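When you get a sec, could you build the whole thing from the sequences and use the hints?
Protein chains: 2
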Amino acid sequence: MKNIIIASTSTIHGTAYLEYLFDELKLFYNDIDDILFIPYARPNGISHDTYTEIATKGLSKIGRKVKGLHTFQNPETAIKEAKAIFVGGGNTFVLLNELYKKNLITSLKQTIKKGIPYLGTSAGSNICGLSIKTTNDMPIVFPKSLNALGVVPFNINPHYIDVDTTLKHMGESRETRINEFHKFNTQPVIGLREGSWLKVDDGSIKLKGTLNARIFEYNKEPYEIETETELNTLK
Amino acid sequence: MKNIIIASTSTIHGTAYLEYLFDELKLFYNDIDDILFIPYARPNGISHDTYTEIATKGLSKIGRKVKGLHTFQNPETAIKEAKAIFVGGGNTFVLLNELYKKNLITSLKQTIKKGIPYLGTSAGSNICGLSIKTTNDMPIVFPKSLNALGVVPFNINPHYIDVDTTLKHMGESRETRINEFHKFNTQPVIGLREGSWLKVDDGSIKLKGTLNARIFEYNKEPYEIETETELNTLK
Numbered sequence: 001m002k003n004i005i006i007a008s009t010s011t012i013h014g015t016a017y018l019e020y021l022f023d024e025l026k027l028f029y030n031d032i033d034d035i036l037f038i039p040y041a042r043p044n045g046i047s048h049d050t051y052t053e054i055a056t057k058g059l060s061k062i063g064r065k066v067k068g069l070h071t072f073q074n075p076e077t078a079i080k081e082a083k084a085i086f087v088g089g090g091n092t093f094v095l096l097n098e099l100y101k102k103n104l105i106t107s108l109k110q111t112i113k114k115g116i117p118y119l120g121t122s123a124g125s126n127i128c129g130l131s132i133k134t135t136n137d138m139p140i141v142f143p144k145s146l147n148a149l150g151v152v153p154f155n156i157n158p159h160y161i162d163v164d165t166t167l168k169h170m171g172e173s174r175e176t177r178i179n180e181f182h183k184f185n186t187q188p189v190i191g192l193r194e195g196s197w198l199k200v201d202d203g204s205i206k207l208k209g210t211l212n213a214r215i216f217e218y219n220k221e222p223y224e225i226e227t228e229t230e231l232n233t234l235k
Numbered sequence: 001m002k003n004i005i006i007a008s009t010s011t012i013h014g015t016a017y018l019e020y021l022f023d024e025l026k027l028f029y030n031d032i033d034d035i036l037f038i039p040y041a042r043p044n045g046i047s048h049d050t051y052t053e054i055a056t057k058g059l060s061k062i063g064r065k066v067k068g069l070h071t072f073q074n075p076e077t078a079i080k081e082a083k084a085i086f087v088g089g090g091n092t093f094v095l096l097n098e099l100y101k102k103n104l105i106t107s108l109k110q111t112i113k114k115g116i117p118y119l120g121t122s123a124g125s126n127i128c129g130l131s132i133k134t135t136n137d138m139p140i141v142f143p144k145s146l147n148a149l150g151v152v153p154f155n156i157n158p159h160y161i162d163v164d165t166t167l168k169h170m171g172e173s174r175e176t177r178i179n180e181f182h183k184f185n186t187q188p189v190i191g192l193r194e195g196s197w198l199k200v201d202d203g204s205i206k207l208k209g210t211l212n213a214r215i216f217e218y219n220k221e222p223y224e225i226e227t228e229t230e231l232n233t234l235k
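Just so you know, the protein sequences line up as chains C and P, in that order. The letter at position 153 of the first sequence is residue 153 when you use the UniProt record's numbering, and the numbering goes up by one with no holes. The letter at position 29 of the second sequence is residue 29 when you use the UniProt record's numbering, and the numbering goes up by one with no holes.
Derived by calculation from the structure, the hints in this document are not laboratory data. Some clues are possibly wrong.
[As the list claims (entries may be wrong)] Simulated crosslink set (EDC-like; lysine to aspartate or glutamate; CA at most 20 Å straight-line): (1) Lys144(P) x Glu76(P); (2) Lys168(P) x Glu19(C); (3) Lys114(P) x Asp202(P); (4) Lys114(C) x Asp31(C); (5) Lys61(P) x Glu76(P); (6) Lys183(C) x Glu228(C); (7) Lys183(P) x Glu19(C); (8) Lys2(P) x Asp201(P); (9) Lys61(C) x Asp33(C); (10) Lys208(P) x Glu224(P); (11) Lys168(P) x Asp162(C); (12) Lys168(C) x Glu19(P); (13) Lys114(C) x Asp33(C); (14) Lys183(C) x Asp49(P); (15) Lys26(P) x Asp201(P); (16) Lys168(C) x Asp162(P); (17) Lys65(P) x Glu24(P); (18) Lys168(P) x Asp201(C); (19) Lys26(C) x Asp201(C); (20) Lys235(C) x Glu224(C); (21) Lys220(P) x Glu175(P); (22) Lys208(C) x Asp162(C); (23) Lys109(C) x Glu76(C); (24) Lys168(C) x Asp164(P).
[Stated by the list, open to error] If we take Cβ atoms under 10 Å as the criterion, some of the chain P residues that face chain C in the derived model are: (25) Pro43; (26) Val141; (27) His159; (28) Glu172; (29) Arg177; (30) Ile178; (31) Lys220.
Since this is a predicted model, take the numbers as computed values, not measurements. For glycine and all other residues, C-beta sits at the position ideal for the given N, C-alpha and C.
Right under this line is the structure:
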């Protein structure tokens, strides 16, 4: 049993926080009112309280209540007893580091495998992959491992962005970076453009949203897939 | 004694490899013909041989010979006996990981502190800082530590790029990422734009090239410095 939304971003340009996902989230959270929010990724370094307020305001628009994991005495128990989980974006290293430090990786995995709805955006999506070695984030802290939840059998690259051939900046393109990843690692990587998400439903993993995604497999030319493509054989 | 060039990039748009640095490098390498090249950062995952050929071709234009560190039986001895060192760009994690695996951090530090000319570009510059926690690269491998050579008392952000307010992509700007760094770390960070370099000469650290650089200090508003600014008090 798995019930996961792995979203490239929380927000697409010109819309409110999570707004593009509201229709999907109404179905996803269905009759669940209370959502456990994990604010550890701290975008812009904001506090857990401030971040939880943002999530609370966002999900109140579809009538859901949110409680921050940081407000529980025992975060492990809170995860085990959660009816639904939302892990927001920010810095993936900061998020994973905190999960390791608080010893929450196993309980989070088990809770997801029980079928508890898990929504991840950006950093919260990155950690669904086998490792966070395809994050775009700056390594501002050093977690004890880059291995992640592995609830899908590949890596995620959120905020995927195409090569801009007009750029005069010499930094590497996203595609170059992911190709370099495959000199040292063999698992597939999904480049999820902003506005796309993966919906994991038991054995099915489908691309959702209006855009294509880009798939990078070891020793293969990268290729595009269309929305609604089934990805359950990708590993 | 220190004699270091810390360059944002090897190549600026529309010019040949290292070309914008040729005048500076003629003085820098002065009467030294043989340069030890460290190819470990492997841009695009290319081999050490291929990368060394690129450096050889580049530096041949100012009459210098290059030998790749990977061709020496004992890399530690090669570093200790080098007359000059050049560490090229690529992936900073890959570079640092290899230096740790081969146990070369101490000898590299000592050689630089003896005054042996060290040129770094991009990843090769990043490792001159206190840590590589302000790299832009993807963490495709996991070094045993992110602590770097620390031959300057701050961190480097090479390929620094300004906020583009026309972008509709929601990934974090470079400035946002460095501000997040300062929620967890206190050392200053120099955002070095492509075309800029730092010249370290004994106690002096000067910004070179035609551009400004952006300085990020803990708990301070970021600010611009002009070329030729002396940075030896920044720490």
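Against the structure, the hints come out as follows:
1. Lys144(P) x Glu76(P): With Cα atoms ~19 Å apart, Lys144(P) and Glu76(P) stay inside 20 Å; holds.
2. Lys168(P) x Glu19(C): 16 Å, holds
3. Lys114(P) x Asp202(P): The given pair, whose Cα atoms are some 10 Å apart, holds under the 20 Å limit.
4. Lys114(C) x Asp31(C): Holds, at about 17 Å.
5. Lys61(P) x Glu76(P): Judged against 20 Å, a Cα distance of about 28 Å means the pair is violated.
6. Lys183(C) x Glu228(C): Roughly 30 Å separates the two Cα atoms, so the pair is violated.
7. Lys183(P) x Glu19(C): Distance of about 29 Å is beyond 20 Å: violated.
8. Lys2(P) x Asp201(P): Holds, at about 5 Å.
9. Lys61(C) x Asp33(C): 12 Å, holds
10. Lys208(P) x Glu224(P): Given pair Lys208(P), Glu224(P) holds - Cα atoms ~14 Å apart, limit 20 Å.
11. Lys168(P) x Asp162(C): 13 Å, holds
12. Lys168(C) x Glu19(P): Holds, because 16 Å separates the two Cα atoms, which is no more than 20 Å.
13. Lys114(C) x Asp33(C): 18 Å, holds
14. Lys183(C) x Asp49(P): Holds, at roughly 16 Å.
15. Lys26(P) x Asp201(P): 16 Å, holds
16. Lys168(C) x Asp162(P): Holds - the C-alpha atoms of Asp162(P) and Lys168(C) are around 13 Å apart, at most 20 Å.
17. Lys65(P) x Glu24(P): Distance of about 17 Å is within 20 Å: holds.
18. Lys168(P) x Asp201(C): 31 Å, violated
19. Lys26(C) x Asp201(C): Measuring from Cα to Cα gives roughly 16 Å; hence the hint holds.
20. Lys235(C) x Glu224(C): 16 Å, holds
21. Lys220(P) x Glu175(P): It holds: about 13 Å lies between the C-alpha atoms, which stays within 20 Å.
22. Lys208(C) x Asp162(C): 19 Å, holds
23. Lys109(C) x Glu76(C): 11 Å, holds
24. Lys168(C) x Asp164(P): 13 Å, holds
25. Pro43: Hint on Pro43(P): holds, closest Cβ of chain C at ~8 Å, below 10 Å.
26. Val141: 5 Å, holds
27. His159: Result: holds, 4 Å to nearest chain C Cβ.
28. Glu172: 8 Å, holds
29. Arg177: 4 Å, holds
30. Ile178: Holds, because the Cβ-Cβ distance from Ile178(P) to chain C comes to roughly 8 Å (cut-off 10 Å).
31. Lys220: This interface hint is violated because 15 Å lies over the 10 Å limit.
Of the numbered hints given earlier, the model fails hints 5, 6, 7, 18 and 31; all others are met.
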